[in-house]
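2 protein chains.
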Amino acid sequence: MEKAIHEVNLANKLDLIQEHWSPKIVGELNDTYVKLAKLKGEFIWHHHESEDELFLVIKGVLVIKLRDRDLVIGEGEFAIIPKGVEDCPFAEDEVHVMLLEPKSTVNTGEVQNERTVAGQWI
Amino acid sequence: MEKAIHEVNLANKLDLIQEHWSPKIVGELNDTYVKLAKLKGEFIWHHHESEDELFLVIKGVLVIKLRDRDLVIGEGEFAIIPKGVEDCPFAEDEVHVMLLEPKSTVNTGEVQNERTVAGQWI
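Those protein sequences? They're chains W and V, same order as listed. Residue numbers for the first sequence follow this note's numbering, beginning at 11 and rising by one. Residue numbers for the second sequence follow this note's numbering, beginning at 11 and rising by one.
Everything labelled a hint here was simulated from the structure, so no lab data went into it. It is possible that some hints are incorrect.
Said to hold, decoys possible - Residues from chain V that face chain W, not an exhaustive set, calculated with beta carbons under 8 angstroms:
| hint | residue |
| --- | --- |
| 1 | Asp25 |
| 2 | Ile27 |
| 3 | Leu39 |
| 4 | Asn40 |
| 5 | Gly70 |
| 6 | Asp80 |
| 7 | Gly86 |
| 8 | Ala128 |
| 9 | Trp131 |
| 10 | Ile132 |
No experiment lies behind these values; they were computed from the predicted model shown. Beta carbons are placed, not taken as given, at the ideal position from N, Cα and C, and that holds for glycine.
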């Protein structure tokens, strides 16, 4: 069956998101989900055993703490965190991001805890 | 070996691109390449047998002609063309796009011709 083909407006979809640290699915291609999220404050240290993850900053400034340094990603910039790398995202002020992740990705990486959320379409 | 982790500025990378219809690779995650391209004029009708493709418009307006209608994608919008769907991208004025494609994707789909270009990192 052919999937519906349509344009997706990032700002309109972001308007539907209230909660921080709860990525929503807005597209799928091949084995990858396109997600949008609003982030504020500090997440948790985690890693993904077998999945690389891309963060594209739509609005604001995202800091991704690595074990040896901080990565600062501004508007119109992206970074890819390779599998196995421990990171901890941090946003002093609210940040809007587009994420690319394999469909198998769990947001908290190799652990499941109160910050774990299931992917949901918006 | 760990890949270098760094932020990529879309505007700075786009400044390096002169030619139209010649996507350049700016990132890789899992089996996917992140590419940037400047488009102007009409491409060719093509399809990808087994790969979905995402177009995110960074600047300008991209029209993707489908066999039954035109898809109009503005700044801050994306669309995913599923595998097997015939399409013909068209840009009246220059458009800047981010593309997501499996590493196996050939830009002209199932045919190779003078519009076929090999992926190159910038």
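Per-residue hint verdict: Asp80/V, partner chain W, C-beta under 8 angstroms
Violated - the Cβ of Asp80/V stays beyond 8 angstroms from chain W, reaching only about 11 angstroms at its closest.
Going by Cβ atoms only, is Asp25/V closer than 8 angstroms to chain W?
12 angstroms, violated
Per the CB criterion, is Gly70/V less than 8 angstroms away from chain W?
14 angstroms, violated
With 8 angstroms as the cut and Cβ atoms as the points, is Asn40/V at the interface with chain W?
5 angstroms, holds
The hint names Gly86/V as touching chain W; please verify it with the least Cβ-Cβ distance against 8 angstroms.
Because about 5 angstroms separates Gly86/V from the closest Cβ in chain W, which is inside the 8 angstroms limit, the hint holds.
Should the interface hint for Trp131/V be scored as holding, given a Cβ-Cβ cut-off of 8 angstroms against chain W?
13 angstroms, violated
Residue hint Leu39/V, partner chain W, criterion CB-CB below 8 angstroms:
Holds, because the Cβ-Cβ distance from Leu39/V to chain W comes to roughly 4 angstroms (cut-off 8 angstroms).
Return the status of the interface hint for Ile132/V: holds when the least beta-carbon distance to chain W is below 8 angstroms, violated otherwise.
14 angstroms, violated
Against chain W, is Ala128/V within 8 angstroms by beta-carbon distance?
Ala128/V check fails; min Cβ-Cβ to chain W is 20 angstroms, beyond 8 angstroms.
Can we keep the Ile27/V interface hint, with Cβ of chain W closer than 8 angstroms?
15 angstroms, violated
Going down the numbered hints, you'll see the structure goes against 1, 2, 5, 6, 8, 9 and 10, while the others check out.
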